[in-house]
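A.B. asks: Sequence:
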Amino acid sequence: MLHLYDTATRTVRELALREPGAVSVYLCGPTVYGPPHLGHGRATLVYDVLRRYLEWTGLRVRLVSNITDIDDSIINRANAENRPWQEITHKCEAVWFEAMGRLGVARPTDVPHATDYVAEMVAMIAQLVDIGRGYITNDGVYLNVASVEDYGLLSNQRLTDMLEGGGDRDVVGAENKRNPADFVLWKLAKPGEPSWPSPWGDGRPGWHSECVVMSLGLLGEGFDLHCGGMDLKFPHHENERAQAVALGKRFANHWMHNGFVVDAEGEKMSKSLGNVSNLVDLMEQYDPRSYRMLLLQAHYRGPVSVGRENLEAATKATAGLDSFASRTAEVASADPDPTVLERFRERMDDDLDTPAATAILFETVRRANAALDSGEPEVAGLAAAVREMCTAFGLVLVAADDVPAEVAASVAALDAARAAKDFALADSLRAELQSAGWLVETTKSGTTVRR
RNA sequence: GGCGACGUGGCCGAGUGGCUGAGGCAAGGGCCUGCAAAGCCCUCCACAUGGGUUCGAUUCCCAUCGUCGCCUCCA
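For the first sequence, the tail end lands on 451 under this note's numbering, and the numbers increase by one without skipping.
Source of the hints: derived by calculation from the structure; they are not laboratory data. Mixed in with the good hints, there may be bad ones.
Derived lysine-lysine pairs resembling DSS-like cross-links, with alpha carbons at most 25 Å apart [claimed, not checked]:
#1 LYS233 <-> LYS249
#2 LYS187 <-> LYS233
#3 LYS444 <-> LYS421
#4 LYS316 <-> LYS249
Using the sequences and the hints given, assemble the complete structure.
C.D. replies: What follows is the structure, encoded as structure tokens:
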């Protein structure tokens, strides 16, 4: 069974399942106000690999991932561009899922939208007010975090230490809060802002409430796993948890956080630093599978540098796997080599050790290639194991494509020229195909081409 | 100020108290090939610095230096 690092206990421990055979996962999704960046790509790929792996081991996975479609950033952009805010959220969500599709990220089983859960959020906030944990000010409703016993558990910070820190940052809404660490549950609307009715006046929900309502609503109390980027640990996840704890509800049983994408200088890519790189741009320049490969070769909890050199290395590594898929396309199907898969699972079950698992994948490819060269029968089981591992990674290999008729004709002419030992003609045909972007592999049994 | 991560070969990036050290990319040599490509084989043998623990440390401990993150916008 899978063991994962748990942020709450700061240990690697077994992912206990509330219901045998099924996994309930909540993943914090994007706020839809701009194009997806590399960090979004990393998070969704990490959890897509998690999901594929869990499914590959035979578990049913329910993955709930929200869309935050009301938020200050959305309103600010709408105002700046003088457009309806829904136009922005609809457009950005479409771009998001198109990008995820290209990355090969499977759509979550549930995609709840914050704006569809406002009534539920209002009800939850009312409860918090009723039990004296939430309080009303002249600009909204806040949660009294001091009333939450183990506030700071996830971020491993004590409330008093947090209050001392923060350097020169401004405390949002400081003048209205009883305690600077309190966070807003409901924001009263200013004129012209989108709003929903509530007992405290028209307004909109604070950021952290939606995930509490949607995760508990769709997955129920004590769901198995809550995921997101390291930067969500605090304040977002801490504050989600605080609300659930304040209500006396069992929240996530296990917390998983992925590391940052850093640039060539090792700095985090983020909105605040203004060095965000766009995921869509990456996919225009590289095979989207390259990003998945790059991430598989690093551990999900560490930082990863996404630069030109890394992406090119990953692209070539992926191309090697495609070559393998092409040259084993005709290999008879067989049961996958059990020893290989056992080793693979052992590595993956140890906190999703994809770097070690990809090492097993490449080693198996090499062994299978060698077996194929020497005509040994074990190639079938090894090739089947490779296919299994790729499935578990969500990595789709591309064997030789259907090629256009004119290309097929050139290939046939090339083989004919070689048979006739007209090597000058053969070489020129090959050069032509190569310059048209085809990878030409000439073997005794004939020529294959692929992109 | 508080909390935390990291420093590995030409590059990226795992991992381990010894059995001389994943994997990818790059480079060099070889096999194969008409020549290439693809594939296979071989080579290039590293753990920031200074102490300590130990029979033995890259791995554990302490210190130092350096890089980075979080401390209410963030995947």
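A.B. asks: Decide, hint by hint, whether the structure agrees.
C.D. replies: Do the hints match the structure? See the list:
| no. | hint | verdict |
| --- | --- | --- |
| 1 | LYS233 <-> LYS249 | 19 Å, holds |
| 2 | LYS187 <-> LYS233 | 22 Å, holds |
| 3 | LYS444 <-> LYS421 | 13 Å, holds |
| 4 | LYS316 <-> LYS249 | 49 Å, violated |
In summary, the one numbered hint that this structure violates is 4.
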